[in-house]
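> The primary structure of each chain is shown beneath.
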Amino acid sequence: MMDFTGIFSYSFVQRALLTGVLIAVVCSVVGVFLVLRRLSLIGDGLAHVTFGSVAVVLLIGMAPVYVTLAALPLVMLSSLIILQLIRSKRIHGDAAIGIVSSVGIALGVILVSLSGGYNADLLSYLFGNILMVTQTEMFLSLIIFLIVAAFVVIYYPELFAVTFDEEMAKTMGIKTKLINVVLLLLTAATVVLAMKVAGIMLVSAMLILPPITALQLSLDFRMTILASISLAVLAVFSGIITSFVLNLPTGGTIVMFNAFLLLVVFSAKKALQVRR
Amino acid sequence: MPVNVVTVENVAYSYNAATAISDVSFYIEQGDYLGIVGPNGSGKSTLIKIILGILPLQTGSVSLFDTPLSGFGHWDRIGYLPQKLSALNTHFPGSVREIVEMGRRNSKKNENTQHVLDLMGIRHLAGRLIGELSYGEQQRAMLARTLVNRPELLIFDEPTTALDPETRDTFYSLTKDLNRAHGTTIVLITHDIGTIGRYARRLLYLDKKIVFAGTFQEFCASRDMTGFFGEKSQHIICHQHDVLENSK
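Chains Y and F, in that order, are what the protein sequence lines are.
If you're matching positions, the first sequence starts at 1 in the working numbering and goes up one per residue.
If you're matching positions, the second sequence starts at 1 in the working numbering and goes up one per residue.
It should be emphasised that the hints constitute simulated quantities derived from the structure, not laboratory data.
All C-beta atoms in this analysis are idealised placements derived from N, C-alpha and C, irrespective of residue type, glycine included.
Hints are not guaranteed to be accurate.
Said to hold, decoys possible - Covered stretches of chain Y (chain F as the covering partner; in silico rule of three or more C-beta atoms under 8 Å from a C-beta of chain F):
(1) 137-148
(2) 161-168
(3) 215-221
To be verified - Just a few of them, taken from the derived set where beta-carbon distance is under 10 Å, the chain F residues facing chain Y:
(4) 81
(5) 131
(6) 133
Stated by the list, open to error - With a straight-line Cα cutoff of 30 Å, these simulated DSSO-like cross-link-like pairs (lysine-lysine) come out:
(7) 208/F - 270/Y
(8) 176/F - 232/F
(9) 232/F - 170/Y
(10) 209/F - 232/F
(11) 170/Y - 209/F
(12) 209/F - 176/F
(13) 176/F - 208/F
(14) 208/F - 232/F
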């Protein structure tokens, strides 16, 4: 029988767990604001742009270690384009995300074709491989974790108000445009870093599933955020260990744990409603 | 010299090619109670959104507390209750207390929260999620939120739509008390000219432009308004409450 404690002695497992937990916390917190503002699919859209960015980096022959750093500015710029399209009032949020998303993936497909097709590096970004996370990526995850934590703690009253009703927040003197810009830039950075955990195909699940599950618990705002964090950390931890032990793809396993938690909470809630 | 809480000069606004309001000018002095009335699509909410900076100023000028809107920063002096809360759905995970204290820093919280919760009769709902409440209870929670900062100017956009008659009367009495006893300036948008006429010091009838400005008594005596509404309708508006009072 496998010695479970032995798993934790591997440095790459330690790196994977630490990075996974940091990214899970960031995704689950940012995700609460996105889901409540009906911007759930922005993770999916930005992930597609990330695919295009990764294709650019691999086409020009940069070392894979620089992929994350190179993709960051491109994906951040795309998040601002989405925001600008939404602000124009002529395009709804879902359509704005769809535009940027489809352009990102189209660019990626063309560039991948030009660079000679799908290779192992690209596939690792598409489906994620957190067990191969580098020291640089771990530190980048720590930095984005600290930035998101500071932003949410310092600007909690403003974030709450903007999430509840943006117009009302504006009449309270809150700089709603600035809050929106920072939130989307942090979402972009989160998506780029999370691609190593869940992969481009599944990154939006990390932004959506823990908040959705937490929202089923009917808690107040602060407790919903804490519940979202707890569920995300539990899923990432369980997913990494299970995938390592059973030799399964890590990203997919994490997402399945998240989906399982949603199913459990949803079923329990339904059962309680029926009993009443 | 009294401070002009709101000064609107030659304001016009269009949504694409459709004119919402044109050439609107008026002012509101400190301690005033202004009822803005008019039919659907008359530009009432648009006007308020321009005053509050939610919609951009296309033409004309707006000042708040004698400061041009672009340079105004004391938003805690204003309480605003919008007609429709875009994010208010059954899934929003905010408790009534969180909503009432929304946007406030820790140091400013709790001072007034209990008082406004009591005032609106929703202290027992403080821990409940806003999405789980009835629309009337949600509206009372939102009213509590507008009052918690003790604002000098209160702006209500159709605030009594979902309230039962008793709560609606309590609400109007509260606005009158805030205005007469505490000197709070009040701007209230409604369709109900007859009701607001009993409480407001002045009325502004808007139909894309200002059709009438004056007191309720002047409104009832105005031959222009008779021409606008017809004699029968004007009579019903001006005397419906006399009938109701006499029937009690």
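> With reference to the structure, classify each hint as holding or not holding.
Now for the hints, and whether the structure bears them out:
1. Residue count for the region 137-148 of chain Y with a Cβ under 8 Å from a Cβ of chain F: 0. That is fewer than the three needed, and the coverage hint is violated.
2. Interface restraint, the region 161-168 of chain Y with chain F: holds (7 residues with C-beta to C-beta distance below 8 Å; minimum three).
3. Restraint check on the region 215-221 of chain Y versus chain F: 5 residues with Cβ-Cβ distances below 8 Å, three needed, restraint holds.
4. With a least beta-carbon distance of about 9 Å to chain Y, the hint placing residue 81/F at the interface is held under the 10 Å criterion.
5. Interface hint status for residue 131/F: upheld, as the beta-carbon distance to the closest one in chain Y is roughly 9 Å, under 10 Å.
6. For residue 133/F, the suggested interface contact is broken, since its CB lies about 13 Å from the closest CB of chain Y, more than 10 Å.
7. Restraint check for residue 208/F and residue 270/Y: not satisfied, since their Cα atoms lie roughly 50 Å apart, outside the 30 Å limit.
8. Between residue 176/F and residue 232/F the alpha-carbon distance is near 29 Å, which keeps this suggested pair within the 30 Å criterion.
9. Distance restraint check for residue 232/F and residue 170/Y: the Cα-Cα separation of roughly 43 Å exceeds the 30 Å cut-off, and the hinted pair is therefore not satisfied.
10. Between the alpha carbons of residue 209/F and residue 232/F the distance comes to roughly 24 Å, so the proposed pair stays at or under 30 Å and holds.
11. About 26 Å separates the Cα atoms of residue 170/Y and residue 209/F, which keeps this hinted pair within 30 Å; it holds.
12. Between residue 209/F and residue 176/F the alpha-carbon distance is near 27 Å, which keeps this suggested pair within the 30 Å criterion.
13. A threshold of 30 Å between alpha carbons decides the hint, and for residue 176/F with residue 208/F the separation of about 28 Å falls inside it, so the pair holds.
14. A distance of roughly 24 Å separates the Cα atoms of residue 208/F and residue 232/F; the hinted pair therefore holds under the 30 Å criterion.
Hint compliance for this structure: hints 1, 6, 7 and 9 are broken, all remaining hints hold.
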